[in-house]
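Each chain, letter by letter, is given below.
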Amino acid sequence: EADIYQTPRYLVIGTGKKITLECSQTMGHDKMYWYQQDPGMELHLIHYSYGVNSTEKGDLSSESTVSRIRTEHFPLTLESARPSHTSQYLCASRDASHHAFFGQGTRLTVV
Amino acid sequence: EDQVTQSPEALRLQEGESSSLNCSYTVSGLRGLFWYRQDPGKGPEFLFTLYSAGEEKEKERLKATLTKKESFLHITAPKPEDSATYLCAVQAGGSARQLTFGSGTQLTVLP
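Each protein sequence line maps, in turn, to chains D and A. In terms of the working numbering, the first sequence has 43 at position 43, counting the first letter as 1, and numbering is strictly consecutive. Basically the working numbering = 1-based index in the second sequence + 111.
To be clear, the hints were calculated from the coordinates, so they are not data collected in a lab. The reader is advised that the hints may include incorrect statements.
As the list claims (entries may be wrong) - With a straight-line cut-off of 20 Å between C-alpha atoms, the simulated SDA-like cross-links for lysine to any residue are:
#: 1; chain 1: A; residue 1: Lys179; chain 2: A; residue 2: Ser131
#: 2; chain 1: A; residue 1: Lys153; chain 2: D; residue 2: Leu108
#: 3; chain 1: D; residue 1: Lys31; chain 2: A; residue 2: Thr160
Only chain A is shown next, with the shape it has when bound in the complex (with noise of 0.2 Å):
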C-alpha cells in the first residue's frame, strides 16, 4: 500500500530562519512527487512536480528535491506570507486514482 509521511506536523519559524520540510514516501513505481501549498479554507495550489531521483525544482524561496526515499521541501529566508500547509503527494502507476496525499506541515513564519 502507498503511504506519504510527512514531519514535522507543525513549524514554527521567525522569518528569514531557513528550514526543510520533509516528506517520506513508500510506493511501486512512483510516477511523480507533487508538492501544495495550501491556505485555510482553500484548496491546495500546486508548487512542484519531481519524477526522479536528484531532480531539483525552485521557485522563489522554496527548493524541492527528490531521493529514492523522500521529498524535501527546503525554505530559504522565509516570511510570514509563507505561512500556511505544505502538502505532499505521490503518483503511483499509471491509474487514474492513485494520488496518495500526506497529512501536511503546517508552517508559521513569525515576523
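Bound-form chain D, shown alone (with noise of 0.2 Å):
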C-alpha cells in the first residue's frame, strides 16, 4: 500500500485567503506531483518536481506555487484563492519504475 498523505481532505475557504495543501510521502521517492481534477474530468499536471530545490509548472495554467525543501514534502499554496480554483487537488509520487502512487485528495471549495 502507498505512504502518501494529503491534508486536509476537504476545505470550504473564503474568496482571497491563503491556503497551503500539504502533501507527505515516505517511500523515498524523488518524483512528486500536483495534479487537478474537476469531477467527472481527465487529470491535469498543474506542479511536478524531479527533486529536493526541483519545481515546474505543468501544463495546466495555475495560479498556485509549490515548494520542495525535503524529499518527503511537496505543498502546494494559494496566495489569493478564486471560485475558480474550486476543484480537486491530487498529489502523486513516483518509483524508479514509474508507478505513480496517489493521496486521497484535498476537496477545495472556494465561496
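With the hints in hand, could you dock these two chains into one complex?
Below is the structure:
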C-alpha cells in the first residue's frame, strides 16, 4: 500500500484567503506531482518536482506555487483563493518503474 | 503531442456481464502504459503497468492487454464492487513530467 498523505481532505475557504495543501510521502521517491481534477474529468498536471529544490510548472495554467525543501514533502500554496480554484487536488509520487502512487486528494471549495 | 483517448465514457453492465474498456494512445516512445481505478472522491489506485506490445497482466476479474496503438481492460464476470472510474495513462520518453492521462471510463455494475 502506498504511503502518501494529503491534508486536509476537505476545505471550504473564503475568496482571497491564502491556503496551503499538504502532501507527504514516506517512500523516498524523488518525483512528485500535483494534479487538478474536476468531477468526471481527466487529471491535469499543475506542478511537478524531480527532487529537492527542483520544481516545474505543468500543462495547466495555475496561480499556485509549490516548494520542495525536503524529499518527503511537497506542499502547494494558493496565495489568494478564488471560486475558479474550486476543484479536487491530487498529489502523487513515482518510483523508478514509473508507477505513480496517489494520495486521497483534497477537495477544495472557495466561496 | 501525447494523447490518450478512453472509450466508452460510461458503461453500465449487469453483474456477470463481461466487457472491455479501451484506451487508445498516440505517444512518441512509449515507456509504459498504466491502468488505475478511481473511486468517487478518492485518488487513483494503481492496477497495472504494461511496457510492450503483446504484454498481458491479470488481477482477479481484470485483465489488461497492450498493442502498439491501444490497450484493453477486460472485465470478466464483474461484480457491483468493480464499479468505479478506470483511468489509463501513458509515460513517454524519460522526462519526469510526461505521464498523460485519459479522461476515464465510468463503470457501473448493477446487481
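Tested hints:
1. A:Lys179 - A:Ser131: 17 Å, holds
2. A:Lys153 - D:Leu108: 13 Å, holds
3. D:Lys31 - A:Thr160: OK: lysine 31 (chain D) and threonine 160 (chain A) at ~18 Å, within 20 Å.
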